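Chemist: Below are the chains, spelled out letter by letter.
There are 4 protein chains.
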Amino acid sequence: MRMDPIGKRRWAIAEGFIPKESVDESDPALRSHETVCILNAGERDAQVSITVFFTDRDPPPPHRVKVPARRTLHLRFCDIGVPRGTDYASVIESDVPIVVQHTRLDSRRAEIALLSTIAYTE
Amino acid sequence: MRMDPIGKRRWAIAEGFIPKESVDESDPALRSHETVCILNAGERDAQVSITVFFTDRDPPPPHRVKVPARRTLHLRFCDIGVPRGTDYASVIESDVPIVVQHTRLDSRRAEIALLSTIAYTE
Amino acid sequence: MRMDPIGKRRWAIAEGFIPKESVDESDPALRSHETVCILNAGERDAQVSITVFFTDRDPPPPHRVKVPARRTLHLRFCDIGVPRGTDYASVIESDVPIVVQHTRLDSRRAEIALLSTIAYTE
Amino acid sequence: MRMDPIGKRRWAIAEGFIPKESVDESDPALRSHETVCILNAGERDAQVSITVFFTDRDPPPPHRVKVPARRTLHLRFCDIGVPRGTDYASVIESDVPIVVQHTRLDSRRAEIALLSTIAYTE
Numbered sequence: 147m148r149m150d151p152i153g154k155r156r157w158a159i160a161e162g163f164i165p166k167e168s169v170d171e172s173d174p175a176l177r178s179h180e181t182v183c184i185l186n187a188g189e190r191d192a193q194v195s196i197t198v199f200f201t202d203r204d205p206p207p208p209h210r211v212k213v214p215a216r217r218t219l220h221l222r223f224c225d226i227g228v229p230r231g232t233d234y235a236s237v238i239e240s241d242v243p244i245v246v247q248h249t250r251l252d253s254r255r256a257e258i259a260l261l262s263t264i265a266y267t268e
Numbered sequence: 147m148r149m150d151p152i153g154k155r156r157w158a159i160a161e162g163f164i165p166k167e168s169v170d171e172s173d174p175a176l177r178s179h180e181t182v183c184i185l186n187a188g189e190r191d192a193q194v195s196i197t198v199f200f201t202d203r204d205p206p207p208p209h210r211v212k213v214p215a216r217r218t219l220h221l222r223f224c225d226i227g228v229p230r231g232t233d234y235a236s237v238i239e240s241d242v243p244i245v246v247q248h249t250r251l252d253s254r255r256a257e258i259a260l261l262s263t264i265a266y267t268e
Numbered sequence: 147m148r149m150d151p152i153g154k155r156r157w158a159i160a161e162g163f164i165p166k167e168s169v170d171e172s173d174p175a176l177r178s179h180e181t182v183c184i185l186n187a188g189e190r191d192a193q194v195s196i197t198v199f200f201t202d203r204d205p206p207p208p209h210r211v212k213v214p215a216r217r218t219l220h221l222r223f224c225d226i227g228v229p230r231g232t233d234y235a236s237v238i239e240s241d242v243p244i245v246v247q248h249t250r251l252d253s254r255r256a257e258i259a260l261l262s263t264i265a266y267t268e
Numbered sequence: 147m148r149m150d151p152i153g154k155r156r157w158a159i160a161e162g163f164i165p166k167e168s169v170d171e172s173d174p175a176l177r178s179h180e181t182v183c184i185l186n187a188g189e190r191d192a193q194v195s196i197t198v199f200f201t202d203r204d205p206p207p208p209h210r211v212k213v214p215a216r217r218t219l220h221l222r223f224c225d226i227g228v229p230r231g232t233d234y235a236s237v238i239e240s241d242v243p244i245v246v247q248h249t250r251l252d253s254r255r256a257e258i259a260l261l262s263t264i265a266y267t268e
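Chains as they are written, first to last, in our numbering: chain A, 147 to 268; chain B, 147 to 268; chain C, 147 to 268; chain D, 147 to 268.
FYI, nobody ran anything at the bench for these hints, they're computed from the structure. Worth double-checking, as some hints may not be accurate.
Here are the computed lysine-lysine pairs in the PhoX-like style, where the Cα-Cα straight-line distance is at most 25 Å [claimed, not checked]: (1) Lys154(D) to Lys154(A); (2) Lys154(C) to Lys154(B); (3) Lys212(A) to Lys154(A); (4) Lys154(C) to Lys212(C); (5) Lys212(D) to Lys154(D); (6) Lys154(A) to Lys154(C); (7) Lys154(D) to Lys154(B); (8) Lys154(B) to Lys154(A); (9) Lys212(B) to Lys154(B); (10) Lys154(D) to Lys154(C).
If you're wondering where the values come from, they're calculated on a predicted model, not measured in any experiment.
Extracted from the complex, chain A is given alone in its bound form:
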């Protein structure tokens, strides 16, 4: 099975905020987090670069990650150094077409809340 590539090379997410607290810190799946979901449906590995923007300082050097051909990667922003309790945004760039979606799980209270949106591309 071979699939034509789908997606674009540049994406942006304007929202970003990882809540500081989580009711239950012991279960990683239910800890408050934000995820960038990347789909590489094509036949070539994607070299992806994630740049994080803040309200009051310049972006740090981008984080680089590989998403292999015909794979998806769901990456937590806290695992690439984004601090909790801070407004941020991000730009995701790739050398081959990818699709990007942004999701937050908020478990500051006993019950969780979720948000998600396809990222912006052009």
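Chains B, C and D: place on chain A using the hints.
Modeler: Using the frame of chain A, we list chains B, C and D on its own:
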């Protein structure tokens, strides 16, 4: 009444995760699930193919489903073999224009959480 | 103040489901509902037509509504005859450019859940 | 590090409603609110104008704000004079490309609910 077709033939959803647990397994409507919502507003039946991508293995053969003319189909990913508790993504392809939206209901806790987004198309 | 029109004339929402139950039926704001939010930022009134699609029957005649110039209208699907507990989708058509967003508030449990997405346009 | 601009100059959000109540008014982070998240990834400051639309009156004069180069701004609608408990919509205009996302946190009940979507652009 006849409506001009609306939509595209190729769509992608980068997010995908069906929670394993549900507080109340007895009510199917409130069981944790993810849905691909497909609208075929045109006058010809749509032959739709859904390919699922994972983080660590090649996509299995696509799932095929028909969405009749002037109908919508809300299909649960767990009903087409996607395992729970696993990161995934999907590409939806059709022979006629369709519109695709992605929704999750998470009932791991006593209260439910929801997310939804129009899928990516080009 | 005059604003150039923004938006498109045809929109689609593939998701649609109004939960049957609400914990507290007495407060309309917190009753489970789905809303189509329409923005007409231009200088001419918009004549809008909303067609609802189901899984097992043809769409009924479209619902017509006016959105005046420089106004927004947030319309609940239950107020235009869409039944609760039923999968549906919708196409929104206008004679002038508009912007369309879709939101659900689910209050089947004690706590509410929300979803929202900009609708599909082309 | 220099990044090519990403985004557009005109955006619209058709949904808008800031819940009146919050379970806990003492914690600003958890008070019910709606946010417009703006990313200016380019090298020039953005002069941004936000126009708010209502259901029953003309839009008031737009709110103006600067988003510096290589910065993000997450602005609460209640901080620019949008009343609580009122349906509204918004158009966001900039002199340089920006990316816009819309988020609501609803804490009328003990647990919070979230929604988010990339805004509409053309």
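Chemist: With reference to the structure, classify each hint as holding or not holding.
Modeler: Quick rundown of the hints versus the structure:
With a C-alpha separation of about 16 Å, the suggested pairing of lysine 154(D) with lysine 154(A) holds against the 25 Å cut-off. For a cut-off of 25 Å, the pair hint linking lysine 154(C) to lysine 154(B) stands: about 16 Å separates their Cα positions. Restraint check: the Cα-Cα separation between lysine 212(A) and lysine 154(A) comes to about 16 Å, which is no more than 25 Å; the hinted pair holds. Between lysine 154(C) and lysine 212(C), the direct Cα distance comes to roughly 16 Å. Compliance with the 25 Å bound is thereby established for this hinted pair.
Under the criterion of a C-alpha separation no larger than 25 Å, the hint pairing lysine 212(D) with lysine 154(D) is consistent with the structure, at around 16 Å. For a cut-off of 25 Å, the pair hint linking lysine 154(A) to lysine 154(C) stands: about 23 Å separates their Cα positions. Between the alpha carbons of lysine 154(D) and lysine 154(B) the distance comes to roughly 23 Å, so the proposed pair stays at or under 25 Å and holds. Of the supplied pair hints, the one linking lysine 154(B) and lysine 154(A) holds, its CA atoms being roughly 16 Å apart against a limit of 25 Å.
A distance of roughly 16 Å separates the Cα atoms of lysine 212(B) and lysine 154(B); the hinted pair therefore holds under the 25 Å criterion. Straight-line distance between C-alpha atoms of lysine 154(D) and lysine 154(C) comes to about 16 Å, which keeps the hinted pair within the 25 Å bound.
In the structure shown, no violation is registered for any of the earlier numbered hints.
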